[in-house]
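Colleague: Each chain, written out:
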Amino acid sequence: MDNLQALQILWFVLIFGLLLGYALLDGFDLGVASLLPFLGRKKEDKDLLVASIGPVWDGNEVWLVTGGGALFAAFPHAYATAFSGFYLAMMLVLLALIFRAVSMEFRAHDPARAGLWEKTLAGGSALAALLFGVALGNVVYGVPISGRMEYDGSFFTLLRPVPLVFGAAGLAAVLLQGASWAVRKTEGALQERAFRAAKILLGINAATAAVYFSVMAGAFDGLSGNMLFHAAWLMTLAGLAGLFFSLRKKNDRAPFWESSFAFAGLFLAAGAAQFPNLIRASNNPNLSLTIYNSSTGLYTLQVMAVIALVGLPIVIGYTIFVYRLFKGKVRSDDHY
Amino acid sequence: MDALLLARLQFAFTIGFHILFPMMTLGTAGVILLSETLHLVKKDDVYRRITDYLVRLLALIFVVGAATGIVMEFSFGTNWSSYARTVGDIFGPLLAAEGIMAFFLESVFIGVLLFGRNRVSPRVYWVSALLVFIGGHLSAFWIVVANSWMQTPAGYEITAGGKILLVDFSEAVFNPSTMVRLVHTIMASWVTSAIMVSGIAAYYVRKGLHGETARTMLKMGILLFAATPLLQLGAAHAHAIQVIDTQPVKAAAMEGHFQTTRGADIYVFGYVDEAAEKTYGLFLPGGLSFLYNFDFNSEIKGLKEVEKDQWPPVNLVFQSYHIMVTLGMAFIGVGLLGALLLWTGRLYTTKWFLWILPFLIPLPHVAHETGWITAEVGRQPWIIYGLMKTAAGASVVVSAGELASSLMMFILVYVLLFVMFLMLFLKIVKKGPEPAPEGRA
Numbered sequence: 001m002d003n004l005q006a007l008q009i010l011w012f013v014l015i016f017g018l019l020l021g022y023a024l025l026d027g028f029d030l031g032v033a034s035l036l037p038f039l040g041r042k043k044e045d046k047d048l049l050v051a052s053i054g055p056v057w058d059g060n061e062v063w064l065v066t067g068g069g070a071l072f073a074a075f076p077h078a079y080a081t082a083f084s085g086f087y088l089a090m091m092l093v094l095l096a097l098i099f100r101a102v103s104m105e106f107r108a109h110d111p112a113r114a115g116l117w118e119k120t121l122a123g124g125s126a127l128a129a130l131l132f133g134v135a136l137g138n139v140v141y142g143v144p145i146s147g148r149m150e151y152d153g154s155f156f157t158l159l160r161p162v163p164l165v166f167g168a169a170g171l172a173a174v175l176l177q178g179a180s181w182a183v184r185k186t187e188g189a190l191q192e193r194a195f196r197a198a199k200i201l202l203g204i205n206a207a208t209a210a211v212y213f214s215v216m217a218g219a220f221d222g223l224s225g226n227m228l229f230h231a232a233w234l235m236t237l238a239g240l241a242g243l244f245f246s247l248r249k250k251n252d253r254a255p256f257w258e259s260s261f262a263f264a265g266l267f268l269a270a271g272a273a274q275f276p277n278l279i280r281a282s283n284n285p286n287l288s289l290t291i292y293n294s295s296t297g298l299y300t301l302q303v304m305a306v307i308a309l310v311g312l313p314i315v316i317g318y319t320i321f322v323y324r325l326f327k328g329k330v331r332s333d334d335h336y
Numbered sequence: 337m338d339a340l341l342l343a344r345l346q347f348a349f350t351i352g353f354h355i356l357f358p359m360m361t362l363g364t365a366g367v368i369l370l371s372e373t374l375h376l377v378k379k380d381d382v383y384r385r386i387t388d389y390l391v392r393l394l395a396l397i398f399v400v401g402a403a404t405g406i407v408m409e410f411s412f413g414t415n416w417s418s419y420a421r422t423v424g425d426i427f428g429p430l431l432a433a434e435g436i437m438a439f440f441l442e443s444v445f446i447g448v449l450l451f452g453r454n455r456v457s458p459r460v461y462w463v464s465a466l467l468v469f470i471g472g473h474l475s476a477f478w479i480v481v482a483n484s485w486m487q488t489p490a491g492y493e494i495t496a497g498g499k500i501l502l503v504d505f506s507e508a509v510f511n512p513s514t515m516v517r518l519v520h521t522i523m524a525s526w527v528t529s530a531i532m533v534s535g536i537a538a539y540y541v542r543k544g545l546h547g548e549t550a551r552t553m554l555k556m557g558i559l560l561f562a563a564t565p566l567l568q569l570g571a572a573h574a575h576a577i578q579v580i581d582t583q584p585v586k587a588a589a590m591e592g593h594f595q596t597t598r599g600a601d602i603y604v605f606g607y608v609d610e611a612a613e614k615t616y617g618l619f620l621p622g623g624l625s626f627l628y629n630f631d632f633n634s635e636i637k638g639l640k641e642v643e644k645d646q647w648p649p650v651n652l653v654f655q656s657y658h659i660m661v662t663l664g665m666a667f668i669g670v671g672l673l674g675a676l677l678l679w680t681g682r683l684y685t686t687k688w689f690l691w692i693l694p695f696l697i698p699l700p701h702v703a704h705e706t707g708w709i710t711a712e713v714g715r716q717p718w719i720i721y722g723l724m725k726t727a728a729g730a731s732v733v734v735s736a737g738e739l740a741s742s743l744m745m746f747i748l749v750y751v752l753l754f755v756m757f758l759m760l761f762l763k764i765v766k767k768g769p770e771p772a773p774e775g776r777a
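Residue numbers (this note's numbering), protein chains in the order written: chain E, 1 to 336; chain Z, 337 to 777.
Derived by calculation from the structure, the hints in this document are not laboratory data.
The C-beta atom is built at its ideal place from N, Cα and C for all residues, glycine as well.
Hints are not guaranteed to be accurate.
Stated by the list, open to error - Below, simulated DSSO-like cross-link-like pairs (lysine-lysine); rule was C-alpha separation at most 30 Å, straight line:
id: 1; chain 1: E; residue 1: K43; chain 2: Z; residue 2: K766
id: 2; chain 1: E; residue 1: K46; chain 2: Z; residue 2: K766
id: 3; chain 1: Z; residue 1: K763; chain 2: E; residue 2: K119
id: 4; chain 1: Z; residue 1: K379; chain 2: E; residue 2: K42
id: 5; chain 1: Z; residue 1: K767; chain 2: E; residue 2: K43
id: 6; chain 1: E; residue 1: K42; chain 2: Z; residue 2: K767
id: 7; chain 1: E; residue 1: K327; chain 2: Z; residue 2: K640
id: 8; chain 1: E; residue 1: K119; chain 2: Z; residue 2: K767
id: 9; chain 1: Z; residue 1: K379; chain 2: E; residue 2: K43
id: 10; chain 1: Z; residue 1: K687; chain 2: E; residue 2: K42
id: 11; chain 1: E; residue 1: K329; chain 2: E; residue 2: K46
id: 12; chain 1: Z; residue 1: K637; chain 2: Z; residue 2: K378
id: 13; chain 1: Z; residue 1: K378; chain 2: E; residue 2: K46
id: 14; chain 1: E; residue 1: K46; chain 2: Z; residue 2: K763
Stated by the list, open to error - Pair ranges (Cβ atoms, derived):
id: 15; chain 1: E; residue 1: L309; chain 2: Z; residue 2: E641; range: 45 to 53 Å
id: 16; chain 1: Z; residue 1: A496; chain 2: E; residue 2: S224; range: 40 to 48 Å
id: 17; chain 1: E; residue 1: I200; chain 2: Z; residue 2: A348; range: 46 to 54 Å
id: 18; chain 1: E; residue 1: A219; chain 2: Z; residue 2: F349; range: 35 to 43 Å
id: 19; chain 1: E; residue 1: D333; chain 2: Z; residue 2: T373; range: 50 to 58 Å
id: 20; chain 1: E; residue 1: L159; chain 2: Z; residue 2: G669; range: 54 to 62 Å
Using the sequences and the accompanying hints, generate a full structural model.
Modeller: Rendered as structure tokens:
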């Protein structure tokens, strides 16, 4: 293995890490926002739920911004092919992300239309969560790719059953992240509802994850001997099992970690099936975009590796610091 | 309409809308930092009320900026994928660096500013204000680097396959236009916010609202309003010289200057007839040459140095440049007048001046928008100046129909965002800062 290959692998791992960080962190705030209509009966409850994600969602979304930038920097062909190829789907993602972001702010200052902004907040969040899963499902499962590295399908190509399974599993996992974050941050009757939602979502996740892993095992030949894949489904199983007992014991701190662990298992399985592909070509495996044929030059990968390996630990450090500032139950004076 | 034109319109519209918000963010973060520093040092609650008030405005500004900023990051892949493939080696790292080294910092600590007043010590709160300020400016740095690299590319090599390869990162980052454009951009933001804060506070003072809080805010605003346009004049001058040196065609378009001559004129205002290759208007003879190097007789290259198909739309560049310059000069005048009134103790009582200030709030936006049009339209027909044509950068697989529908979507959504933003901004202004305790009016 030469230097270039080592860096290409490093960047695959780094982007995987950034997207996993995005899924777990923005996952819980997208989840809380999606569950807002179900968990928040009174205005006070909705205020508390929004305040539980208010200080952190901005920072959480930057994991996506940075993941996108890193994909552009390390594998520009994959970035170019997927973003231009999935054009209308990407526009829907943007629409969803715009509305989920501004709706929280609009809701706070525009009480006359609070109900509308709660709908756009919940709808935008749920749509974004679903679309991310479908998009990931498509690049992992494969899409038609032309000889010039361009996407060769239509919008409806993206809506095949296997990518939709990814979307359903991802959405279910995001909702569970949200419910377990709500359990962690709230008290009283609101927390009771969050516990109930988490229990229902645990059942749904058990089903979607089972379908997801079976579909993966069926769709990819090499996975039966892939250690990472087996580790992945065991992680999800262990996470969901731990969650089952935590919810029964009314433990309000463990569920978030167990839900995250289970979600990470879903991600690991996708990563194990994907490597070293970035976008699998469903029409001809030789046309796949891989980390080897899509990357930037050695020098760029080196410079970026230095920036990322110095910068990301600092980012993680101050992110933890800020989370600890807001630790514990959300308070009604947590606003501005 | 063809796909290329639609893609360009979409980029122009989405970036033109997005830039409104970062332009308010940087300077407002600066005023917040200033006010919070004074709060910490003087222990005077009036500064805390100013901080808290501006933080409410910043929250609204920031969220629209962040939401519309993601669109920009996606757009190089969705709409300009051929460009992304060609320059991935250089352009991608700059966007990634912006995420890792800037946007994280700003976004994580803005959460503390918005929600942390009752949770953290005054010192931690101050540090958060500082980090939001630094993070925002670092973001501006990386984005200006990326844009400047398109204006004056450096630190690269072109491979046999036509790909652009990065060979020297620091040369690419500190390319010939980066630093001067960064200072020019940051100053534009500071001017924008200085006028915004002055305008809002002037409205309160004229109406007799919010007592000392409003007067202190007006004083801070006016001091910044007096200083920043003057600093901007220096930055703008340095930037103009850099454009003449490194992008002579753009510089020639800015002044409607066709023939390479010594003693080139500078126009106060005018009109360029591109077909007849003539510029009409009021000019100072030899002014452009003089401003270039303080020599009325220096040579300035004209548009005719290159083929006509390499000209930008000359009159558009000329007009937008002149609108920006005129506004910049006007800001210097009004800012200095405000400082004079403050110095002579008449600022809070000169009703006509207080009445005018709020109406100036949109003008810096006109100035920075026309400045961007000058910079970006002036770069045409190149997407990377001298290296790659804009037409070669568009996505291959995105159809005109798809572009038309996404452009429609952005227009509808952004009009809604704009209306909501204005409505809620005015609502926050109307509500005003937290009232001072009794006995301290």
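Colleague: Compare the structure with each hint and give your call.
Modeller: The hints, checked one at a time:
In summary, the hint linking K43 of chain E to K766 of chain Z is supported, as the alpha carbons are separated by about 24 Å, within the 30 Å threshold. Of the supplied pair hints, the one linking K46 of chain E and K766 of chain Z holds, its CA atoms being roughly 26 Å apart against a limit of 30 Å. Our distance criterion of 30 Å between C-alpha atoms is met by K763 of chain Z and K119 of chain E, whose separation comes to about 22 Å. This hinted pair does not check out: K379 of chain Z and K42 of chain E have alpha carbons roughly 39 Å apart, beyond 30 Å.
Distance hint between K767 of chain Z and K43 of chain E is fulfilled; the C-alpha atoms sit about 22 Å from each other, no more than 30 Å. Between K42 of chain E and K767 of chain Z, the direct Cα distance comes to roughly 25 Å. Compliance with the 30 Å bound is thereby established for this hinted pair. Between K327 of chain E and K640 of chain Z, the direct Cα distance comes to roughly 65 Å. Violation of the 30 Å bound is thereby established for this hinted pair. This hinted pair checks out: K119 of chain E and K767 of chain Z have alpha carbons roughly 26 Å apart, not beyond 30 Å.
For a cut-off of 30 Å, the pair hint linking K379 of chain Z to K43 of chain E is broken: about 36 Å separates their Cα positions. For the hint pairing K687 of chain Z with K42 of chain E, the CA-to-CA distance comes to about 47 Å; that exceeds 30 Å, so the pair is violated. Restraint check for K329 of chain E and K46 of chain E: the C-alpha separation of about 15 Å stays at or below 30 Å, so the hint holds. Restraint check for K637 of chain Z and K378 of chain Z: not satisfied, since their Cα atoms lie roughly 55 Å apart, outside the 30 Å limit.
Note on K378 of chain Z and K46 of chain E: the hinted pairing is violated, with a Cα-Cα distance of about 38 Å set against a maximum of 30 Å. Among the hinted pairs, K46 of chain E with K763 of chain Z is consistent with the structure: their alpha-carbon atoms are about 22 Å apart, no more than 30 Å. Judged by the Cβ atoms, the range 45 to 53 Å given for L309 of chain E and E641 of chain Z holds: they are separated by roughly 46 Å. A beta carbon spacing of about 43 Å between A496 of chain Z and S224 of chain E agrees with the range 40 to 48 Å that was offered as a hint.
Separated by about 47 Å at the C-beta atoms, I200 of chain E and A348 of chain Z satisfy the suggested range of 46 to 54 Å. A C-beta distance of roughly 41 Å is found between A219 of chain E and F349 of chain Z, which places it inside the suggested range of 35 to 43 Å. One distance hint, 50 to 58 Å for the beta-carbon pair D333 of chain E and T373 of chain Z, is violated here, with the actual separation near 25 Å. The hint said 54 to 62 Å for the Cβ distance between L159 of chain E and G669 of chain Z, and at roughly 60 Å that hint holds.
Comparing the model with each earlier hint shows violations of hints 4, 7, 9, 10, 12, 13 and 19; every other hint is respected.
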